[in-house]
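Asker: Please model the entire structure based on the sequences and the hints provided.
Chain by chain, the residues run as shown.
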Amino acid sequence: MMKHLGKGLLAGASCVALVVTMASSSFANDKLNELSKSNENWIMPGKNYSSQNYSPNTQINTENVKQLRAAWSFSTGLLHGHEGTPLVVNGVMYVHTSFPNNTFALDLNDPGHILWQHKPKQDPAARSVACCDLVNRGLAYWPGDGKVPALIIKTQLDGHLVALNAATGEEYWKVENGDIKVGQTLTQAPYVIKDLALVGSSGAELGVRGHTTAYNVKTGEQVWRVYATGPDADVGIGEDFNKANPHYGQKGLGTGTWEGDAWKIGGGTNWGWYAYDPETNLFHYGSGNPAPWNETMRPGDNKWTMTIWGRDADTGQAKFGYQKTPHDEWDYAGVNVMILSEQTDKAGKKRKLLTHPDRNGIVYTLDRENGDLISANKLDDTVNWVKQVDLKTGLPVRDPEFGTRMDHKGKEICPSAMGYHNQGHDSYDPTKELFFMGINHICMDWEPFMLPYRAGQFFVGATLWMYPGPKGDRQNYLGLGQIKAYNAITGEYKWDKMERFSVWGGTMATAGNLVFYGTLDGFLKARNSDTGELLWKYKLPSGVIGHPMTYEHKGTQYVAIMYGVGGWPGVGLVFDLQDPTAGLGAVGAFKNLANYTQMGGGLQVFSLDGKNPYDDLSVGEFDTKG
Amino acid sequence: MIKKSLVTLAASAVILAVGAGVAGAYDGTKCKAPGVCWEPKPGYPEKVAGSKYDPKHNPAELAKQQTALDAQAARNAKRAANFKKTGKWVQDVSKIQ
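Protein chains in written order, with my numbering: chain L, 1 to 626; chain E, 1 to 97.
Read the hints as simulated data drawn from the structure, not as lab findings. Bear in mind the structure is a predicted one, so any value in this text is a computation, not a measurement. Take the hints with a grain of salt, since some may be wrong.
As the list claims (entries may be wrong) - Computed cross-link-like contacts, DSSO-like style, restricted to lysine-lysine with a CA-CA straight-line distance of at most 27 Å:
no.	chain 1	residue 1	chain 2	residue 2
1	L	Lys387	E	Lys32
2	E	Lys32	E	Lys52
3	L	Lys147	E	Lys78
Answerer: Given below as structure tokens:
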């Protein structure tokens, strides 16, 4: 009886602990939500949990954007590609960099003064297992709870996830989330939900089996981990998985759609962007390509690579999974941005949606509560590997002419392995119900070859030749990108424009009827978001592969963007490669990029008429009294 | 002349059709079960083991990733436990009592 009572007391204590934990967790969420609503903050790479990259600020608008001028700048001191965007929280900007993944905190009252800097010492060997330049996509912020300080959470290429005291930059905890000896790296921006820090994985080009892991932000303890391939228990597949759409597949497929143990080296890493709905408690992301790229070596649908997930944030368990490109043959890694919206579908039903422009050249919109496929349209009419996506079955109807296989060189496949959309973080204007998407316009030839798997070595098995798509200038290797405004309900594009190179970094929309984006040749551009008309541009010191953000400080709206050419499209430029098939085919496609920009990383901030803290000449001056 | 062209066209169509057959008719829509829609391309094996496309995976190599992850998780668990106990994060697990 006593024993029984003891158990009961213990259970009671657990309940209390759970309630306290839950209360604290929801406090963290509420605080992040509250912070994200302010025009003064940009607390996560997509601004808020919906990842809309949209600011309601109207101070800079179509009428006055021509007055946008440089306000201040910051050199990161590093040369390689700078993806992502900085965070701004309560008057402090947090800037990340490419390898070795330094972090800087800048006081927005005096941005020339670095409040703190975190410069990790990493094993330089990490560079040799990075897929595509030495990029990093950003930071996460956890607001603190009174006992544990506010934290900045970052990834390192060498596989570490690190929490820093946001006030001092001191390491709070540091966990291993990958081992470069077996090819596991990290390039992703971590993601905070409640008191959890979520992080994915990189290295599918080395056969890394992808996973997503949650750590307790207060203690660094692992809370859960789920994989993209393998037994259901590993993947986080339970009884009600895909209950609303059983035709997507349900149980046993993480091993059953692979031959033998190939799932153990089957890729499906996720290094892109997450989104979260606090009402459903589901977070969403895409798992990437199967490994190796050579499809002949891995018969089967290769589940659950290339999948849009809806997972419970507390447990990691999957509510739904929709595989976009079963048995990928082209490296259409499905990690791209998930943007959440609430829209009325064609039948007049208000729905919670997620929209995802995929590498495979299709932009998908799903009901994010149950995974129903709402629309799936081509990002460009030149997509040719697929004829259409059957909305009833969810299956892509492939055109066998553009399939790949051993002993065959596939030609004129569109899109290329870079996809018609890659890692760029795009935007959504909820007032116009338009998505603004930066697009690659690149096609390819593809020839597979056999190779053995050796842990920690590249495991690709294909030679690629890339070149501009049919609308580009193939003579001069220009016309490699587009920018488009898309309505996910009608499937129509309101406007589109060609660009010299890929619009790699993504877009940012504002209520000033503007869409901003950076270009690989080093411009920040502003277009009228209704018409696409180019209204303003500024030449930056180097090409852009990150996305813009905006914040208000002391009543002034600023627009900021990181520059620093590199990433996959810049890999030939940064490593001085000449063979057109090098850099997994990128060198050939971007052979003209070096004629327009050179390396150099930093941050450029703009405001109307260049208004900035140093307009007050006393700011930043040496003061003997101070 | 027209007739000859038609014959040529018809012959081309046959060649194209055969070519397409060789190229593989896998269009991803013929499912054996929900979510199981892959099929081998014509002339390619259903299973690669024992075929000329056998990657001949070494089980020891295939096991290395999980071994590495398990070792990381064990080290992380020690660090986190020590952190909860002492309030200090110690990265070098050999220095944790």
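Asker: CA of Lys387 (chain L) to CA of Lys32 (chain E), is that 27 Å or under?
Answerer: Measuring from Cα to Cα gives roughly 21 Å; hence the hint holds.
Asker: Decide if the proposed pair is consistent with the structure: Lys147 (chain L) and Lys78 (chain E), CA atoms, cutoff 27 Å inclusive.
Answerer: holds, 22 Å
Asker: Would you mind confirming whether the straight-line C-alpha gap from Lys32 (chain E) to Lys52 (chain E) stays at or under 27 Å?
Answerer: This hinted pair holds, its Cα atoms lying about 26 Å apart.
This entry satisfies every hint, going by the numbered hints stated previously.
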